[in-house]
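A.B. asks: Residue numbers (numbering that gives the first Met the number 0), protein chains in the order written: chain A, 0 to 117; chain B, 0 to 375; chain C, 0 to 364; chain D, 0 to 180.
The set of hints was computed from the structure by calculation and includes no laboratory data. Hints may contain errors.
[Stated by the list, open to error] FRET-style restraints, in silico, Cβ to Cβ:
(1) ALA99/C <-> GLY20/A: 17 to 25 Å
(2) LEU284/B <-> TRP159/D: 44 to 52 Å
(3) PHE103/A <-> MET69/C: 54 to 62 Å
(4) LEU284/B <-> GLU60/D: 51 to 59 Å
(5) ASP124/D <-> LEU158/B: 38 to 46 Å
(6) LEU158/B <-> ASP87/D: 35 to 43 Å
(7) GLY44/A <-> MET69/C: 26 to 34 Å
(8) VAL30/C <-> VAL36/A: 44 to 52 Å
(9) PHE99/A <-> ALA27/C: 51 to 59 Å
(10) LEU64/A <-> VAL317/C: 27 to 35 Å
(11) GLY161/D <-> PRO304/B: 29 to 37 Å
(12) GLY161/D <-> GLY45/C: 55 to 63 Å
[To be verified] Here are the computed lysine-lysine pairs in the BS3-like style, where the Cα-Cα straight-line distance is at most 30 Å:
(13) LYS302/B <-> LYS166/D
(14) LYS111/A <-> LYS339/C
(15) LYS37/A <-> LYS89/C
(16) LYS209/B <-> LYS111/A
(17) LYS90/D <-> LYS302/B
(18) LYS90/D <-> LYS93/B
(19) LYS166/D <-> LYS93/B
(20) LYS36/B <-> LYS95/C
[Claimed, not checked] Here are some chain B residues the structure puts well away from chain C; computed CB gaps all over 12 Å:
(21) ASP175
(22) GLU177
(23) ARG181
(24) ALA295
Note that CB positions come from ideal geometry on N, CA and C, so glycine has one too.
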Amino acid sequence: MEINILYLLTILVTGVIFVLGGFFVSRLVGPNNPNPVKREPYECGEIPFGEGWTRFNVGYYIFALLFLIFEVEVVFFFPWAVVLREIGVLGLIEGLIFLFVLFFGLIFAWRKGYLVWH
Amino acid sequence: MSNIPADTSIEPDFEDYYVNMGPQHPSTHGVLRLIVKLAGETVLGVTPHIGFVHRGIEKMAEALTAQQFFPLTSRLDYLSAHMNNWAWAMAIEKAAGIEVPERAEYIRIIMSELSRISSHQLWWGVFGMDLGAFTPFLYGFRDRERVNDIFEKTCGVRLTMNYICAGGVREDVDRDFEKDVREFTDYFEPMIDEYDRLLSGNIIIQERTKGVGVLDPETAKQYGCTGPTLRAGGVDYDVRKNRPYGLYPRMDFKTAVATEGDSWARYVVRLEEMRQSLKIIRQALDQIPAEGPVRAKTPMNIKIPDGHYLSRVEAARGEFALYLVGNGKILPQRVKLRSPGFSNLSALPETVKGWRIADLVTIMSTFDLVMPDIDR
Amino acid sequence: MESYIYRTDKLILDLTEWLTEATGSAFAAEVVKMSIAAAVLSAFVGLLAMILIYIERKVAGHMQQRVGPMRVGPHGILQTVADSIKLVAKEGLTPKNADAFIFNLAPLLVFASSFACLSFIPFSPGMTIVSFNVGLLFILGIASVGVLGILAGGWASNNKWSVLGAMRSGAQIISYELSATLALLAIVPFFGTLDFQEIVLSQQKGWWIWRAPGVGLLGFLIYTIASTAECNRTPFDIAEGESELTGGFHTEYSAMKFAMFFLAEFINIFIVSAISATVFFGGWMPFHIEGLDTLNRVFDLLPPIVWFFGKVACLVFVVMWFRWTFPRLRVDQLMHFEWKYLMPLSLINLALAAIAVSAGLYFFN
Amino acid sequence: MTNEKPPENQSTPGTNADISGKPIPTESGSKELRPKLKEIFGADAAFAPESDPPRITIKPESLRETATRLRESGFDYLLLLTAVDYPDEGKIQIVYAITNFNEADELTLTVDLDRNAPEIDTVSDIWRTADWHEREVFDLFAVRFRNHPDLRRILLDDNWEGYPLRKDYVDNVHNVVKRHG
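Modelling step: build the complete structure from the supplied sequences, incorporating the hints.
C.D. replies: This is the structure:
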């Protein structure tokens with residue numbers, strides 16, 4: 000088990016090295032002479048006005064929140080799903096109740112109109 | 000608020016912000032700049048800025064003789080080059096009182112309808128690409144090649160044909176012309192059904208276009224929109240029917256009209272127009288006299304008599320009108336080119352208001368803008 | 000004795016044994032194995048991306064009645080090599096108002112997470128770099144780090160198009176991740192493990208796509224749709240949406256920084272297809288029909304690794320097929336489709352799967 | 000010219016082509032056009048009846064009134080709006096080509112303006128298509144349109160010097176002029 004974590008770490012580090020190596024080679028091989036015009040953000044060939052960092056419509060965050068709720072619940076399902084065959088009918092019913100609550104939550108959000116993109 | 004000056008920096012308030020769409024943007028199809036006011040994804044307003052390919056063709060016209068100006072008319076809406084040539088030829092013929100031989104009139108019709116088809120083929124492909132489906136683009140181009148080949152055989156040119164001239168057409172068609180065109184019509188008619196299968200039947204296309212960007216007929220009329228953009232709203236207006244020119248009165252065809260005025264309607268109208276064009280081409284091929292002159296005798300330098308002359312044709316994008324003011328010399332006093340795209344584009348801000356940025360692309364695509372035509 | 004190509008698990012064991020003998024310690028052997036794994040995986044990634052990009056262009060070409068790349072090398076097979084050389088030789092720019100650190104971190108996050116995901120994939124018997132007993136959960140977790148990279152990259156660019164693309168991808172990918180997770184979760188009760196090799200082994204009698212009654216097929220469909228969305232592929236490529244957002248979150252990226260996003264996209268296609276192949280189509284397990292021993296033996300002639308890559312290739316083709324057929328959805332339609340159709344459907348699918356398992360309702364027991 | 004094929008749809012509204020299919024360059028649009036125009040313009044307008052389309056010269060002051068009356072009597076389509084420069088006569092002539100979507104009647108209004116300070120009322124609230132057309136005329140001829148909602152240059156740069164479609168415009172950089180006859 001521990002050796003597996005070591006493996007994972009190795010792979011992760013390899014991935015990082017792969018990227019950094021790529022950047023390094025690119026820096027070595029490719030030209031590097033930036034100038035203000037080149038570094039201008041792309042806005043279809045016009046000089047951009049204002050910043051890109053603007054406040055955003057709340058529509059995005061509603062979905063982010065919904066995701067957070069559901070994803071956490073879904074993670075709880077994993078151990079249940081793994082042992083479902085061993086825990087029998089009682090475990091099934093308990094899981095289904097949880098699932099129903101989740102489903103109800105979705106219906107609730109739906110009826111409240113949160114699933115409409117603004 | 001919708002008309003903000005071009006180069007002052009804008010202090011965005013909390014939710015709205017401005018973004019330049021174009022001149023270098025994949026969906027503006029040419030160099031059109033739209034200043035889009037957004038709140039999140041929703042378009043609050045659009046200010047078009049045009050003129051990036053303004054070449055001063057109207058000014059050039061004042062220094063060119065009638066014959067010399069023909070090539071420039073091909074370079075307006077390069078996809079309706081024949082129709083634009085025709086408009087100029089018609090104005091000159093009207094001014095100088097030139098009779099056009101019958102065979103030439105038929106050739107003009109066939110060429111115009113072919114170029115309408117080729118224009119719509121290109122539009123159809125690009126429309127698919129604007130909506131994220133790249134494959135239709137190449138299907139459209141594949142079929143367009145055939146039309147271009149026909150043009151190339153007769154005119155020697157594939158795009159800016161410069162074929163229709165004062166008093167007829169430049170020279171007689173290629174000897175394979177009739178065979179080629181008939182082959183093309185037989186090939187292309189079932190191909191429109193394939194277009195339907197590939198794109199029109201797709202549920203995503205329908206979701207993306209139905210009800211999106213409704214341009215109601217009253218607004219469209221107010222803005223002087225013409226062509227499929229207007230007819231999609233249920234206004235049965237087609238220059239070929241309402242102000243017939245050439246031999247169009249002899250042709251039996253229907254103007255393609257839809258009722259909804261949305262992007263889907265504009266799409267359907269264009270597909271139907273291709274079918275109607277095929278029908279016209281077939282009739283013209285049946286009726287065309289086998290022999291005969293194709294060009295009336297015209298002087299090298301045509302004197303344009305004093306007066307005002309207006310000629311109107313139905314180009315692929317709508318009504319192309321040409322206003323010629325003569326002063327008795329060979330150089331015109333003034334030539335005004337009324338391009339369909341110019342007026343169609345002016346209705347865009349009204350149409351896109353409240354739609355999302357992806358719909359802006361759809362609507363713009365179904366308006367079918369060609370910038371050299373608008374900027375002249 | 001069967002050859003190593005069929006018994007890769009034996010190959011690994013023998014290799015470990017030999018290495019332990021040669022180096023004198025079990026740990027040193029593991030270190031050497033780690034180095035081999037890292038080197039092989041790096042080479043594999045480079046090769047995989049190039050092959051996939053080449054295939055994509057060829058598939059697209061033939062679907063569009065053209066031939067695709069033809070000039071560089073026979074049938075253009077060296078085209079992607081030429082492209083990568085070009086990308087390396089380009090100038091990498093950082094826009095002037097951008098958050099430079101996050102801007103450069105983003106491609107790293109995206110690529111490294113995809114790269115790490117590869118280590119869980121069971122290519123062949125015994126051939127998994129990291130065999131966790133919670134592999135499935137882990138891979139889902141690591142994969143979602145990639146979203147963070149896209150979001151961070153788009154946001155750090157300080158370009159309006161990129162920010163729009165980042166916001167879109169943020170909203171989209173997290174939503175579809177739910178469905179993808181739920182679709183896989185629905186199959187978990189059937190095999191009762193999260194270890195990929197065990198998942199494969201549980202399909203000796205038949206692949207879960209048809210062994211699990213109905214829910215397998217439904218789960219596969221949901222997973223295919225949701226994972227296409229997770230990979231930012233058409234018809235769900237709104238984060239890039241080049242006809243709307245001129246490139247979306249990677250508008251400002253150039254040279255190697257862009258190449259990393261591009262590479263990660265293709266690795267992700269491979270990963271989701273590999274997961275799909277493993278969970279629904281038996282991974283490296285050959286196709287067997289119980290009772291028809293002759294036929295089964297013919298199928299056994301193909302080594303497991305060929306089976307695995309064959310299945311993955313088919314699924315990758317499906318994803319490419321989508322891309323060159325469908326137009327793009329609009330962002331609100333995309334979200335509605337997820338939350339109003341896919342989500343309820345995946346929840347129901349999970350409930351049905353749970354009931355089916357408890358009732359012992361599955362084929363080929 | 001042979002004439003064996005009769006036209007198949009003779010009754011198209013607005014058709015003024017004879018059987019041979021040759022459009023007759025005479026009167027435009029429906030038969031009721033002339034009486035209608037008489038009704039609208041009365042006798043005070045300079046009416047050029049021989050021209051095609053019918054051309055009426057009106058005074059700048061009566062433009063808005065005329066335009067409103069035209070719009071009310073069904074001329075719902077401003078085909079184009081442009082200007083013609085006559086430096087010798089010291090005038091700029093604004094041309095309105097007006098038609099309608101149903102019968103396709105055509106007529107043109109012309110208004111003569113002083114070349115040195117051309118100014119006229121806008122018609123962009125009557126036909127909205129005039130909005131951009133007036134901007135174009137402003138851009139190229141320096142004609143000011145009173146009460147125009149947004150009179151900016153449309154085709155040229157905001158800081159462009161001069162008005163190119165005026166006859167006396169000289170620009171040796173952008174404009175290569177080759178004279179004939």
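A.B. asks: Each of the hints needs a verdict: does it hold here or not?
C.D. replies: The hints, checked one at a time:
As the Cβ distance of ALA99/C to GLY20/A is approximately 20 Å, the hint placing it in 17 to 25 Å holds. Range check, LEU284/B to TRP159/D: about 49 Å between beta-carbon atoms, so the 44 to 52 Å window is met. In this structure the hint that PHE103/A and MET69/C lie 54 to 62 Å apart at CB holds, the actual value being about 57 Å. Between LEU284/B and GLU60/D the beta carbons are some 55 Å apart, a value that agrees with the proposed interval 51 to 59 Å.
Hint check: ASP124/D to LEU158/B, Cβ distance near 40 Å, so the stated range 38 to 46 Å holds. Checking the proposed 35 to 43 Å range against LEU158/B and ASP87/D shows it holds: the Cβ atoms sit about 40 Å from each other. Evaluation of the 26 to 34 Å hint for GLY44/A and MET69/C yields a pass: the beta carbon distance comes to about 33 Å. Between VAL30/C and VAL36/A the Cβ separation comes to about 50 Å, which falls inside the hinted range of 44 to 52 Å.
For PHE99/A and ALA27/C, the hinted distance range of 51 to 59 Å is satisfied, since their beta carbons lie about 54 Å from each other. Restraint check, LEU64/A to VAL317/C: a C-beta distance of roughly 33 Å satisfies the suggested window 27 to 35 Å. A hinted range of 29 to 37 Å holds for the C-beta pair GLY161/D and PRO304/B, which are about 31 Å apart. Look at GLY161/D against GLY45/C: about 60 Å separates their beta carbons, and that is inside 55 to 63 Å.
Distance hint between LYS302/B and LYS166/D is fulfilled; the C-alpha atoms sit about 20 Å from each other, no more than 30 Å. Simply put, LYS111/A and LYS339/C have alpha-carbon atoms about 13 Å apart, close enough for the 30 Å limit, and the pair holds. Between LYS37/A and LYS89/C the alpha-carbon distance is near 13 Å, which keeps this suggested pair within the 30 Å criterion. With a C-alpha separation of about 26 Å, the suggested pairing of LYS209/B with LYS111/A holds against the 30 Å cut-off.
Annotation: proposed proximity of LYS90/D to LYS302/B holds, straight-line Cα distance about 23 Å (limit 30 Å). Simply put, LYS90/D and LYS93/B have alpha-carbon atoms about 26 Å apart, close enough for the 30 Å limit, and the pair holds. Only pairs whose Cα atoms come within 30 Å are accepted, and LYS166/D paired with LYS93/B is accepted, the gap being roughly 25 Å. Using a Cα cut-off of 30 Å, the hinted pair LYS36/B and LYS95/C holds, with the two alpha carbons roughly 24 Å apart.
Remark: the non-interface label on ASP175/B is consistent with the geometry, its nearest Cβ contact in chain C lying 24 Å away (cut-off 12 Å). Chain C leaves GLU177/B outside its interface by the beta-carbon criterion, the shortest separation being 27 Å against a cut-off of 12 Å. Against chain C, the non-interface label of ARG181/B holds: every CB pair exceeds 12 Å, the least being about 23 Å. For ALA295/B, the requirement that its beta carbon stay farther than 12 Å from each beta carbon of chain C is met, with the minimum near 44 Å.
When held up to the earlier numbered hints, the structure conflicts with none and fits them all.
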